[in-house]
Amino acid sequence: MSLPIAAWYDFDPFRELHDWLRDHTADEVVYVVAAVIGAAGILTFVGLGALVNVWLERRIIGRIQVRRGPNRVGPFGVLQPVADAIKLIQKEVLQPRVSDSKLFNLPPILVFIPAMLTFAVFAWAPDLVYADLNVGVLYLLALSSITSLAIFVAGWSSNNKYALLGAMRVIAMAISYEVPMVLTLLTPVLFAGTMSISGIVDFQRHYDVWLAFLLPVPVLVYAVAATAELNRTPADIAEAESEIVAGYHTEYSGMKFGLFYAVELINSLAVSGIMASLFFGGYSLYGLDEYIPPWMIFIAKIYFFYLGLIWLRGTLPRLRIDQLMAFAWKMLIPLALINIAIVSVEVLLWRELELDDAVLGAYVAVNAVLGAALVVAFFRMLTRSYYRLPTRVRLVHDVSVPSLPAPGSAIGP
Amino acid sequence: MTELRTPPYVVNIGPQHPSTHGVFRLRVTLDGERIVDAEMILGYLHRSMEKLAEERTYTQNIPFTDRMDYLAAMTGNLGYCLAVEKLAGIEVPERGAYLRVIFAELQRIASHCMANGTFINDCGAWQTPLMYMFREREQILDLFEMTCGARLTTNYMRIGGVAFDVPDEWYPAIEKFIREMPARISEYEEMLLDNEILLARARDIGVLRPEVAINASVSGPMLRGSGIAWDVRKAEPYSLYDRFDFDIPVGHNGDCYDRFVVRMEEMRQSVRIIEQAFSQLPGGPVSTPVPLALRPEPGEVYARIESPKGELGFYIVSDGGPAPYRWHVRSPSLINLSVLKEMTVGLSVADAIVTLGSVDINVGEIDR
Amino acid sequence: MDEPAVIVAFWVLAVLTLGSALMVAVVRDLIHAVLFLILSFVGVAGLYITLSADFVAVVQVLIYAGAVSVLMLFAILLTPRSARDNAPVPYSAPLSALAGLIGAVIIFVAVQTDWAKAGDDGRFQTTASEIGRALLNPYVLPFEVASVLLVIAMVGAIVLVRPASEEEGA
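Chains as they are written, first to last, in the numbering used here: chain A, 1 to 413; chain B, 1001 to 1368; chain C, 2001 to 2170.
Hints are computed from structural coordinates only; laboratory data are not their basis. Warning: the hint list may mix true and false statements.
Stated by the list, open to error - Counterexamples of contact, computed for chain B against chain A with all Cβ distances above 12 Å:
#1 Leu1141
#2 Cys1148
#3 Asn1253
Said to hold, decoys possible - A few chain A residues that face chain C, going by a derived Cβ cut-off under 7 Å, partial list only:
#4 His24
#5 Thr25
#6 Leu138
#7 Leu141
#8 Ala142
#9 Ile171
Where is the CB? At the ideal position from N, CA and C, for every residue including glycine.
Throw the hints in and build the complete structure from the sequences for me.
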């Protein structure tokens, strides 16, 4: 496709390389070279993304807390992630003697693999997908379940009672929140009729409507479920178990801990990417992607949602584990199920009755109203007990000095 | 159907805490998630102040009171000086008394800022409200530093008044503070008070029933949170408190949330008192001259004040010499802590941490 | 599907799957056994991909490697430590002979069968929509029975872990 502006970003050298290889060598060579170059590109984005995210997170949370973030290392502290990485690399690697040494070094690597693999299915531009799987959405969900497994191995191989406790809580939360995630990620699939991510983005581009407008409640439910899967505040009992015990990465020092931390940030980017692709149009911006490189739009959207995640982290206190599980099972899953029912009916009417595409506008309005009513109703139902008592205190002006009780009488048991 | 038997196991919380409460050790016995038993082991910060005080003159003992409750030094000073003045029958001039009230209330606000900030920190918000409240606390500590040179261990009150008069730059600073603080407190209330997550974490957690509170002689915001209207400033007014018009906040349920809101409201009432005291501030000397080695008449005295943590009492026995014969502090944190087991049995460990945060202890005062 | 790349992938995945399955039976620590089992699940998922069953492969990873293995790990954690090693049992010789015999029978039958692949034209096909249609038209009854079974399992799990004191008061 040709773009009107001079296309330094059109990856022409890669296109020429591809054509040259295709004409001169076997198909397998083309495949392997394309795979290697694409993987290098994704790794670059992931690596740079981790660095940028460390800086962004610390500066923005600092600003939310009425203080500056790091500003000593480099202008505006931009070299702070580099300093952090160097510090972590040169730390002494402590390994407890009784830990399961064969398994101990595996989790940092194991948890990094799904984080990286998530980026393979994203559609960065209309013809720029690394692996256009037909089951892309399911693939993303499968990867998140592997992450929780790696965390369990981390907690187990530490041979530390508290690490195991933290790891088991993480797994309980991960499998609880996987259900709302699966259910809400099915609703774009229902509308688009395909499970491939580029197909869903094409649907949004073709009909010129973001699925976020058609599906407001699944977006909210997915945002909450993804925050819990990422173990970020307000659902970060895994790492903030350090109120009394340390989390699953307590026995990991140095760069192993650095890998866990980096993976949390990369997973945040991945989740933002999923949200941007499936619900907010991916690389398309209502026709603006004719003038701006689509992958820039996509990356901008990813960082927009990542800033939202940082905002949540900086402002909200955290919930207890049983409150989190109750929230998942009692509020998110019913909401997601009801939404699947509503969306299925809508899609059925639209496709079977071959209605006009303008009915999508009607769906936007209907879903917004229904969604608002549902969310408010569930919320009222679940938090009624908190407002049973007044949330303000009463003011007393005069104190009556009580007389001492008569000898022999007692107050209380 | 046979039950799954899991043996109870013992978890040691402390003595090194991530939460800023000091060196305090709590040994809890857990059955699954619930706490079955909670045992406190204190004494990690014991500095034998009460014994050391028997070797020093009354004026030399004032810095000890700074370091007992190091987050509320002014009120510690105030309690001690009131006790010695009651023992020795010394009058305090008006200006000194007004300055005492202003600084004591400023210290109350600073201590409550810290207490509420760390409480929400224990609830999980990564220090954001703490940083906001520290902004106000910095203003107050600047006021302290202007007057007596120190931010934390102020050593400002003397027997017979206060040590120094306030400098000129203090007046605009405190006017600015009085002007801005109510709006800031409203900002905190707006952000925090109806927050569902805070309610979920703190409502019905750590409930202290009123009769248990009275039985255990709990005092301060813990007592008022349980619904009992008692404040030493109103019940036995000391040092001009009967001249000021203020209310005391009283909670409904005795849980952590009520104590949190009580402390917030107390900050606002303290600003009221400071405003009235500042407008009525007279001129004159700030302290009565007192001999360096004061020898009060033999006798004993117990004087109590309302410190930010509760009722702080000083029991001094004099034998006519320059040093006290016996010096005992009724520390509110220690007495308030005695109901911790009652409050935490049946909760999970995370709730126990939140409850401990809402008791607002200061280990320096517990161990002395 | 006779390209050299597919054949290489098949052999690598087959060695991985069978090798880790063998390690499950051989290795001493039970947690290691479960981890090798997870590896064999992933290998099976890869084999599904070589058979052009993309949906089944991803669901295999999602369900088996993601959820069933977690279940097994939790079950192991609830057993006392002494019962947790993969120790040799008294009758291991006759039992391994029996297992070998069963394995040989299965391999013989599998090799002798004339497997017919549905809609095979040598290329990779997408199967998700086919499976969906199949589940809702010819196979709808097993689909519904399976969901009822899952509900029964969930209700049973909740009944199992309810605290006994609630039942006493009823």
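Going through the hints against the structure:
no.	hint	result
1	Leu1141	holds, 16 Å
2	Cys1148	holds, 27 Å
3	Asn1253	violated, 5 Å
4	His24	violated, 19 Å
5	Thr25	violated, 15 Å
6	Leu138	holds, 4 Å
7	Leu141	holds, 6 Å
8	Ala142	holds, 4 Å
9	Ile171	holds, 6 Å
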